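Here is how the chains run, residue by residue.
There are 2 protein chains.
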Amino acid sequence: MRIRLIASAALLFTSHAVAQPQNALNLIPLPASVQLGDGRLPVDQSFSVAVTGFKDATLERGIHRFVAELSHETGMHLKQKVVDSPNPTLLIHAVHGSERVQRLSEDESYELVISESGAKLTALSPLGILHGLQTVLQLVETTANGFSVPVVTIKDRPRFAWRGLLVDVGRHFIPLDVLKRNLDGMAAVKMNVLHWHLYDNEGFRVGSKRFPRLQDEGSDGLYYTQDEIREFVAYAHDRGIRIVPEFEMPGHSRSLFAGYPELASGPGPYKVEPGGPDAVMDPTRKETYKFIDKFVQEMATLFPDEYFHIGGDEVNGSQWDANPKIQAFIRSHGMKTNQDLQAYFNQRLQKLLSKHHKIMMGWDEVLHPDLPKTVIVQSWRGQQSLATAAQQGYSSLLSFGYYLDLMWPASQHYAVDPMSGAAASLNPEEKSRIIGGEACMWSEWVTPENIDSRIWPRNAAIAERLWSSPEVQNTGSMYTRLDMLSRRLEWLGLTHRSSMVPALYRMAGTSDITALRTLADVVEPVKDYTRMNSLKTVWDFRGPLNRLVDIASPESDQARRLRDVVQTYIGSGYKNQAAEGEIRTRFAAWRDNDARLHPLLEQSFLLNELAPLSEDLSTLAAAGLLALDYLKKSTPSPNAWRVQQLSLVERAKTPKADLLLMVVEPVQQLIERSEGQTQKP
Amino acid sequence: MRIRLIASAALLFTSHAVAQPQNALNLIPLPASVQLGDGRLPVDQSFSVAVTGFKDATLERGIHRFVAELSHETGMHLKQKVVDSPNPTLLIHAVHGSERVQRLSEDESYELVISESGAKLTALSPLGILHGLQTVLQLVETTANGFSVPVVTIKDRPRFAWRGLLVDVGRHFIPLDVLKRNLDGMAAVKMNVLHWHLYDNEGFRVGSKRFPRLQDEGSDGLYYTQDEIREFVAYAHDRGIRIVPEFEMPGHSRSLFAGYPELASGPGPYKVEPGGPDAVMDPTRKETYKFIDKFVQEMATLFPDEYFHIGGDEVNGSQWDANPKIQAFIRSHGMKTNQDLQAYFNQRLQKLLSKHHKIMMGWDEVLHPDLPKTVIVQSWRGQQSLATAAQQGYSSLLSFGYYLDLMWPASQHYAVDPMSGAAASLNPEEKSRIIGGEACMWSEWVTPENIDSRIWPRNAAIAERLWSSPEVQNTGSMYTRLDMLSRRLEWLGLTHRSSMVPALYRMAGTSDITALRTLADVVEPVKDYTRMNSLKTVWDFRGPLNRLVDIASPESDQARRLRDVVQTYIGSGYKNQAAEGEIRTRFAAWRDNDARLHPLLEQSFLLNELAPLSEDLSTLAAAGLLALDYLKKSTPSPNAWRVQQLSLVERAKTPKADLLLMVVEPVQQLIERSEGQTQKP
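Sequence lines, in order, name chains P and G.
Here my numbering is used: the first residue of the first sequence is 1, the next is one more, and so on.
Here my numbering is used: the first residue of the second sequence is 1, the next is one more, and so on.
What the hints contain is simulated information worked out from the structure, not anything from laboratory work.
Note that this is a predicted model, so its numbers are computed, not measured.
A portion of the hints provided could be inaccurate.
Identical copies carry no separate label here, and so any pair may be met within one copy or between two of them.
[To be verified] Below 30 Å or equal to it, Euclidean Cα-Cα: the simulated DSS-like pairs (lysine-lysine) are:
hint, residue 1, residue 2
1, K55, K209
2, K336, K286
3, K180, K79
4, K79, K120
Work the whole structure out from these sequences, hints included.
Written as structure tokens, this is what we have:
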């Protein structure tokens with residue numbers, strides 16, 4: 001095997017500080033070190049796996065899943081059984097077993113050496129092997145000569161030990177089969193923590209035996225039984241994923257008071273119905289701590305992970321302010337503010353968790369001079385709090401910038417690095433306290449139907465940020481690899497690509513959705529929390545989620561492609577004919593789309609609101625075509641025309657039906673450029 | 001509620017002999033009686049269900065599923081709990097409970113009355129209610145004013161009591177989750193029997209505790225455990241579906257001899273590997289019957305249905321011929337032929353089944369003068385054997401004409417009626433013995449990935465044939481309703497529509513599959529068993545199933561649409577401009593497709609074989625466009641041109657890569673018609 005070193009010699013496994021080269025391999029996250037060789041190893045029906053060294057049931061199940069996935073990817077029936085051969089296609093060697101309960105500090109590195117005659121995957125434990133197997137799957141390509149993987153040597157390990165995804169199942173219940181396929185997706189991009197936000201004001205989702213009114217009164221009947229949770233935790237463990245449960249205290253817990261109103265700071269009664277008070281636990285009563293003690297004890301039997309998240313965010317002080325007993329308690333204990341009271345509560349909480357052998361985690365509001373240094377701080381309000389926590393001696397992780405429900409493009413998440421911003425000026429010891437990050441999937445607007453499309457593929461960009469070298473920054477490369485991954489994820493049953501079609505048919509109530517699809521492919525849901533504005537009165541998220549805003553991808557591939565090709569065209573001085581041709585084809589289709597779509601819009605109450613958007617798309621496309629004509633002929637466009645078109649552009653920038661038309665910007669560029677030609681002659 | 005009677009007054013619930021009107025409702029199968037009224041009942045988030053009369057857990061689970069499916073279909077969060085209201089949206093009334101083990105004779109009728117203020121669904125038992133709930137789901141439409149169902153009165157009941165689907169899990173193992181979603185699909189079209197072909201030469205799929213070598217030696221490790229089977233049977237029962245297991249005896253059972261060679265008529269050894277002898281049980285030894293006795297006893301604990309299928313088809317006599325002991329047995333028992341020996345075997349088998357309270361079923365080869373009249377005969381070799389069996393006093397059902405693996409269009413299955421052909425001349429008593437039919441999904445070329453696309457939506461056409469009045473014959477209406485159903489089935493997780501995309505990406509190994517999809521959408525797998533010819537040596541079905549023939553739909557919607565629009569165009573005397581425009585658009589896209597697809601074809605070993613097909617498509621489309629020019633101008637096409645084009649047409653008719661190009665025929669028509677114009681002037 002002749003290794004063609006594509007990275008510089010300085011690219012050593014031991015250092016992340018070296019620039020990561022872009023290479024042709026469709027791997028995401030990019031490995032720490034890749035040495036691409038010449039030649040390929042065929043992957044055909046004779047594919048076999050052998051194991052030397054350590055072997056256990058977890059490893060065997062991992063190999064079975066790998067073979068099953070390889071079967072899916074290739075459409076070939078492959079032998080599931082591990083063979084006892086000295087020359088298998090893939091030889092796996094783990095030195096020793098993984099921890100029974102996966103630990104944060106566990107070694108996740110692996111080494112993969114592929115030659116033309118076979119592949120060898122080595123790791124300290126099955127955990128590293130699992131990651132390496134995902135790399136093998138991503139390496140498989142369809143070629144003129146069959147399926148194969150390239151000759152390559154990969155040495156890989158994560159940059160951060162904590163690479164998580166939070167899923168909120170409180171606001172909308174998400175069934176376990178949906179969560180399982182998302183665990184499969186996480187494993188595919190080497191994420192290792194599912195942060196399970198198990199209740200919120202709107203619903204309590206764990207079946208407690210000790211406190212059954214939690215689920216009986218605190219949910220609409222949709223919750224996980226303890227058997228289901230145990231099986232789910234085992235499922236995650238098999239995939240190298242830790243499950244960290246979050247139980248919100250003292251705020252965000254109205255659903256908890258539905259069954260146990262005596263824990264709350266206000267009189268109640270409490271319901272999970274929307275619009276009730278944003279209730280908070282009463283930290284002044286013994287009974288509160290007795291409840292927490294028993295509750296944590298029960299939950300500790302379900303969740304073996306050493307970390308336990310207590311929430312602690314957005315504590316609304318109004319119930320504390322309104323309760324004279326609580327105010328008296330604050331004064332009598334020498335405290336000054338509600339924040340002091342929360343710190344008091346957190347200290348007692350931390351002791352209870354410690355009693356049950358759990359390390360406490362909380363959102364960055366828990367930061368307070370009195371907070372024990374063992375608590376892990378999760379930063380969501382900004383990168384400053386991450387740096388502050390690290391400076392003050394807390395282990396901390398970043399979620400600010402990784403909120404998937406904000407509907408940002410992948411590139412925007414990708415640009416956020418836990419070590420950037422305020423953290424950049426920390427000293428090495430402080431920096432070492434930053435242990436990773438978590439993408440967050442809050443579920444106000446999320447259902448089992450659309451959740452995959454909100455998580456994937458964007459979550460993979462965050463996974464790469466947390467695994468790969470900080471020098472891996474090429475957004476173009478990221479999108480290329482993200483696109484390939486997105487298709488691979490379909491083999492895991494994820495519906496992020498396929499779910500749009502039936503949902504559009506539901507909206508259309510008719511058989512041809514071509515024109516609707518054309519519109520749907522160039523819009524995106526409004527960004528940040530703009531959509532909250534459309535809630536007229538109370539924050540009620542139980543309404544139908546069947547509008548286009550619920551279905552449209554958070555990031556339009558078509559719009560990104562248009563932006564790229566318009567850049568190419570402009571960059572070529574309006575000479576690149578292929579680019580011009582592609583832009584014209586797209587514009588022509590969009591220009592004609594409104595006429596096709598319009599009859600449909602009137603037939604369905606779900607489509608009605610899309611009329612102005614559809615009109616904007618056609619108007620803009622027509623304007624774009626004219627701008628192209630001017631640019632092609634090097635004739636300046638008339639000022640009056642341009643002014644008029646740019647006012648249409650402005651109109652099109654306004655969100656409609658909670659959607660943004662994503663082709664506005666490149667059209668605007670072309671219109672504006674059509675003036676610039678006047679300078680030239 | 002003002003009822004607008006759209007059927008004649010003679011359309012009574014009690015008679016199937018009255019012509020079924022075509023109506024605008026997208027129901028499949030069409031109900032026995034439909035009276036459409038004016039107005040609609042809204043389906044919004046206040047939708048509620050109440051139950052009067054009989055109520056049990058099965059009914060409650062059925063209602064929960066109904067509400068969950070309605071939630072899926074509408075994208076609305078709906079209350080799962082049954083309410084205690086006098087004015088629910090849907091009132092359900094069952095008179096009494098269903099049988100613990102669902103029986104063939106059980107009443108399945110229901111009555112659904114929908115007014116503008118509410119709906120009422122009535123049936124004798126939950127079984128009828130389940131069917132009625134499926135009708136409600138199909139009635140939901142997206143309108144300008146919201147989701148709603150029409151004001152209608154439906155009285156419905158099945159024409160045949162046995163409406164089944166056979167799934168062969170012997171040749172290719174099909175996991176239970178795949179089978180479950182297909183059960184959901186069956187329930188949606190009111191099918192009530194899953195005929196589970198549980199083993200064949202290539203694999204034994206049930207975990208036996210008494211004879212563990214059956215699965216250990218007779219499978220590749222892929223089989224169902226007894227717990228899984230019990231859960232699956234309960235799942236089916238919840239959906240009004242009986243599970244009839246088939247255990248092939250005495251032939252088609254090589255996998256059985258892998259662990260128990262002493263049961264075979266020849267010396268062995270036996271393997272499930274392909275190419276082994278087509279072995280047959282030895283019906284002359286006591287041990288054979290002892291085995292069957294114990295085996296049936298064990299299986300009877302798993303499968304509560306009163307029917308038990310013993311196969312009995314395609315018994316290869318060569319092992320019996322070659323065994324002197326067996327030949328001596330035949331002579332010494334006064335028998336003449338191997339058929340006599342099989343009849344002897346079947347008689348003893350029937351007694352053993354009867355001992356375990358099972359009614360025996362067999363394929364039509366079991367017909368023999370000595371066959372007990374209690375045996376049910378399943379006809380696969382032709383409609384004659386169905387009639388013969390009925391004439392001879394056997395209950396019988398039809399599968400001939402319903403073999404889904406033959407890749408016929410839905411219309412071809414739809415045209416086959418159990419009462420047509422030889423059965424048409426039976427007397428009423430004989431006719432009454434024909435109890436229904438079964439679609440058959442044999443799995444030589446079927447995997448978990450493509451099985452949904454082989455079953456759906458075509459299976460629904462067979463379901464309608466078996467449920468609805470024989471006068472329901474309008475193929476155009478059937479296709480319209482089939483198309484709507486096909487999309488609804490996606491909400492059940494069926495992948496018949498969505499599975500093509502990832503499979504095409506696998507083939508292409510690149511990011512743009514537009515041109516490949518264009519080709520894939522106009523081809524169909526070769527029909528009947530033509531594909532067997534591509535097996536070079538032994539019948540080995542374990543090869544990769546990742547070619548376009550494995551992915552392409554058995555029936556091309558695009559090609560059907562082309563045929564229809566070409567008919568419209570011709571029927572209009574070449575005047576219909578809309579039709580002409582649509583044909584031109586399609587032809588133009590196809591003409592240009594080969595140039596787009598060609599670069600891709602060279603990059604992938606899986607696409608290579610498609611080159612001639614792609615070329616044919618473009619050539620034909622170009623010829624079709626020219627033919628349109630001649631027709632439009634009323635100018636006769638030159639003879640030489642026509643001769644040349646028709647030879648291309650002939651070339652395009654030859655299957656390539658086991659695929660047929662389905663647009664050939666309409667193009668041929670246009671070319672031929674372009675001559676006809678010469679007559680006119």
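Against the structure, the hints:
1. When the C-alpha separation of K55 and K209 is checked against a cutoff of 30 Å, the pair qualifies only between copies, where the shortest distance is 28 Å, while the shortest distance within a copy is 37 Å.
2. Taking the shortest alpha-carbon separations for K336 and K286, only the intra-copy value of 21 Å comes in at or below 30 Å, while the best inter-copy value is 92 Å.
3. Proximity of K180 to K79 under the C-alpha cut-off of 30 Å is found in both arrangements, the shortest distances being 24 Å within a copy and 25 Å between copies.
4. Taking the shortest Cα distances, K79 and K120 sit within 30 Å of each other inside one copy (18 Å), while across copies they are farther apart (54 Å).
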